[in-house]
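Q: The primary structure of each chain is shown beneath.
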Amino acid sequence: MHQRDIFINEITKEIEKDKKIFFLSADFGAPALDELRSKFPENFIHCGISEQAMLDVASGLSLEGNKVFVYAMAPFLSLRAIEQAKCGAGLMNLPICMISVGIGLGYADAGPTHYSTEDFACFRSLIGTTIYTPSDSETTKKVAIEVLKKPSFAYVRLDREPLQSLKPLINDVDFSNGFRIFGEPNKKRIALISHGKMLQNCHQIYSENKDKYICVDIFKSKKFPKKLPEKIKECKGIVVVDEQGPSANLSSCIFEGFSEQNIYPKIINKSLPEKYIFENGGREFLLNKFGLSSKDIIREAKKFD
Amino acid sequence: MKINDLNIQAKKYRLEMFEKFLLIKQGHPGSIFSMMDIAVSLYNGGFVRYDQKENRFIDKVLISKGHATAALYPILRDFGVLPKKEWENWGKKESALRVFGNTSIPGIDITSGSLGHCIGAGAGMCLSYKKSILDKKVYVVISEGELYEGSTWEALLFASHYNLDNLTIIIDINSLIILGKTSDCLNLDPIKDKITGLGINTYEIDGHDIPTIVSTLDKTNKSNKLNCILANTIKGKGSSVMENKKNWHYWNKMNDEEIILTRKELT
Numbered sequence: 001m002h003q004r005d006i007f008i009n010e011i012t013k014e015i016e017k018d019k020k021i022f023f024l025s026a027d028f029g030a031p032a033l034d035e036l037r038s039k040f041p042e043n044f045i046h047c048g049i050s051e052q053a054m055l056d057v058a059s060g061l062s063l064e065g066n067k068v069f070v071y072a073m074a075p076f077l078s079l080r081a082i083e084q085a086k087c088g089a090g091l092m093n094l095p096i097c098m099i100s101v102g103i104g105l106g107y108a109d110a111g112p113t114h115y116s117t118e119d120f121a122c123f124r125s126l127i128g129t130t131i132y133t134p135s136d137s138e139t140t141k142k143v144a145i146e147v148l149k150k151p152s153f154a155y156v157r158l159d160r161e162p163l164q165s166l167k168p169l170i171n172d173v174d175f176s177n178g179f180r181i182f183g184e185p186n187k188k189r190i191a192l193i194s195h196g197k198m199l200q201n202c203h204q205i206y207s208e209n210k211d212k213y214i215c216v217d218i219f220k221s222k223k224f225p226k227k228l229p230e231k232i233k234e235c236k237g238i239v240v241v242d243e244q245g246p247s248a249n250l251s252s253c254i255f256e257g258f259s260e261q262n263i264y265p266k267i268i269n270k271s272l273p274e275k276y277i278f279e280n281g282g283r284e285f286l287l288n289k290f291g292l293s294s295k296d297i298i299r300e301a302k303k304f305d
Numbered sequence: 001m002k003i004n005d006l007n008i009q010a011k012k013y014r015l016e017m018f019e020k021f022l023l024i025k026q027g028h029p030g031s032i033f034s035m036m037d038i039a040v041s042l043y044n045g046g047f048v049r050y051d052q053k054e055n056r057f058i059d060k061v062l063i064s065k066g067h068a069t070a071a072l073y074p075i076l077r078d079f080g081v082l083p084k085k086e087w088e089n090w091g092k093k094e095s096a097l098r099v100f101g102n103t104s105i106p107g108i109d110i111t112s113g114s115l116g117h118c119i120g121a122g123a124g125m126c127l128s129y130k131k132s133i134l135d136k137k138v139y140v141v142i143s144e145g146e147l148y149e150g151s152t153w154e155a156l157l158f159a160s161h162y163n164l165d166n167l168t169i170i171i172d173i174n175s176l177i178i179l180g181k182t183s184d185c186l187n188l189d190p191i192k193d194k195i196t197g198l199g200i201n202t203y204e205i206d207g208h209d210i211p212t213i214v215s216t217l218d219k220t221n222k223s224n225k226l227n228c229i230l231a232n233t234i235k236g237k238g239s240s241v242m243e244n245k246k247n248w249h250y251w252n253k254m255n256d257e258e259i260i261l262t263r264k265e266l267t
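Protein sequence lines, in the order shown, are assigned to chains A and B.
Be aware that the first sequence starts at 1, since it is given in the working numbering, and climbs by one per residue.
Be aware that the second sequence starts at 1, since it is given in the working numbering, and climbs by one per residue.
Calculated directly from the structure, the hints in this document are not laboratory data.
Glycine is no exception: its CB is placed at the ideal position from the N, C-alpha and C atoms.
There's no promise every hint is true.
Claimed, not checked - Computed Cβ-Cβ distance ranges for the label pairs, DEER-style:
1) B:Thr196 - A:Lys227: 14 to 24 Å
2) A:Glu42 - B:Glu54: 21 to 31 Å
3) A:Ile49 - B:Lys225: 16 to 26 Å
4) B:Gly199 - A:Asp27: 16 to 26 Å
5) B:Gly199 - A:Asn280: 36 to 46 Å
6) B:Leu22 - A:Phe278: 57 to 67 Å
7) B:Gly46 - A:Ile49: 36 to 46 Å
8) B:Val99 - A:Ser293: 50 to 60 Å
9) A:Thr113 - B:Asn247: 40 to 50 Å
10) A:Pro31 - B:Val99: 48 to 58 Å
11) B:Thr196 - A:Asp172: 52 to 62 Å
12) A:Thr113 - B:Asn244: 39 to 49 Å
13) B:Lys253 - A:Thr113: 47 to 57 Å
As the list claims (entries may be wrong) - Simulated crosslink set (EDC-like; lysine to aspartate or glutamate; CA at most 20 Å straight-line):
14) B:Lys131 - A:Glu14
15) A:Lys20 - B:Asp135
16) A:Lys303 - A:Asp211
17) B:Lys136 - A:Glu161
18) B:Lys131 - A:Glu42
19) A:Lys266 - A:Glu284
20) A:Lys236 - A:Glu208
21) A:Lys227 - A:Glu256
22) A:Lys86 - B:Asp135
23) B:Lys130 - A:Asp18
24) B:Lys131 - A:Asp18
25) A:Lys150 - A:Asp174
26) B:Lys130 - A:Asp174
27) A:Lys19 - B:Asp135
28) B:Lys131 - A:Glu16
29) A:Lys223 - A:Asp172
Given only the sequences and the hints, what does the whole structure look like? Please build it.
A: As C-alpha cells, this is what we get:
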C-alpha cells in the first residue's frame, strides 16, 4: 500500500472518535482520501490549488482547537507555502501536520518543478518543526498514530511509491528513539544512514554484505535522535545518503547532531548534485545518473577501506 | 456607546498612541490612525461582543495589517482585557506589548506582521465555528496593500465558496503604501468590482465616518453572505503633520512645534 493511503487510513479511523480533526487538501488525492471524504465529508476541506491559503486556513482552524492535517504534493506544499507555515504553525506554535507526498525525485519524469529536493533543508530550518521521513509501511503507520496522539508542528515526508516492509518490523523502543539500526555497529563496519526510499536502497546494500555494513534508518530526523551518535561512533565511517540537494540535507543533521556530543566520525555526504534535473528516464535512471545508485553508494563507502 | 462618544473615544486613543510614539520612537502611526475609527466602532460600538464574566471577547478581531495592531492596545486596556501595567510599561520597562501584535499579548487573537495571512486564518476560524454551530464572528482588518498578496485572493475565493457569513473583512484603503500612492506604484482599482466579482457582499464607505461604519457593520451582521467593507481612509488621520504623507507609514522624528500642533489637533 502507498504511504499516503496508510497515513490517511489512520486519520480516518481517528475521525470516527474525534470530529475535531480536519483534513485539508490542495486538490491532491488518494484512494484512502476518497474513503475519508465519503465517510466524513464534514471533516474534509477542499482548499483549491491554493497551498498558501490552505496553510492560513489551517492556522485559523488550529487556533480554534482543531487537529489539522494539510495535504499536497511535496514541492508545492513545502516551498510555495513555507512562509505560511512559519507564520502560522511556527510563530504561534500550532499543531498542524503537513503531509508532503512525492519527496525527492518521486515525480520522475515530471521534471524539476515537481521534484522536491530542497524541502528537507527548508523545513528543517523552520523553528519548532518535527520532521518524519518513514521508510516503510509500519513506520508510516506509527508516525500517523504519533501525530494523531501528540499533535505538533509536524512535517511528514512520504514517498510517491509504496515502500516494502523492512524486517524486523519497527518496535516501540526504536520508534521512540527516532531511529533503528540494522546490524551490529563495530569498528570494521561502515554505517549507511538514510531515510525514506533511499533507506531501502541502503538496506539492500547492507543485506548483501552484512559483514561490511550496518544500515541506520533515521525516520525522525528532527528533533535529532540523541541516542544515535553513541550507538554508532565505533563504525569505520558513515555514508549519509539522501535524495536531496547537497546542502543542508540529512548529512547536515548527522554532522550537527554528532558534533554536539563531541563525536567526530568520518562522514561522507552522498546526495544529488547542485543542479536542477531536466533529464528523463525514470527515477532509477536519474538516481543512477546522478550518483545515488547502489554502486555509487558502495563506491563512496570504499573510501573508508 | 453613543456615536458622539465613539468619536471622542477614537480621538482620545489617537492622542494616547501619539504620546506612546513619542516615547517608543518607532511604530506605524499613519496606519494606526487610519484604522482607529474602525477599531473603536468594532469594539466600543458593541460588534465585538465582550463576556464580562470571563473578561474576554466572544468574537475575534484579526489585524492582518499587523503593523497597526497597536491601535487595539488602548481599547483592550480599557475593557480590562489587557492589564493596565502592560500599557503603562510599554516604552519604559518590560512590557508584553510590541509594535507588531502577537498572541502572547492579552486580547490579541493572532500573530501578524507579514501581510496577506489573516483572511485565510479568519476563514479557518469561521469554518470551525460553523462546523461546531457556534455563534461567533470574526472581523479581519486588512490594508489595501495586502491586495497585492496572492494569498489574499486565494483566501477570498475560499471564504466566498464556503459562504462564511460569520466573517467580515474590512479593507482599510488609505491609498498609500511605503513608496507612494497605490495608483502610481501598481494600480489596484477597481477594488470594488474585483471583490464583488467574487460573489462577496461589498460596501464602500468613508472609514472615518463612525455613524456609517456602525450602520454598515449592522448590515453585515444581519447578512447571510460573506461581507467586505471597503473603508476609504486617510493615512495619519487627525494629524496635519502626518495626513496623506507616505513617510508617516513609519514614525519620524518631530520638532517641538510639530509635537505641540499634533497634540492640539488630537485633543
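Q: So which of the earlier hints does this model not fit?
A: 1, 17, 19, 22, 26
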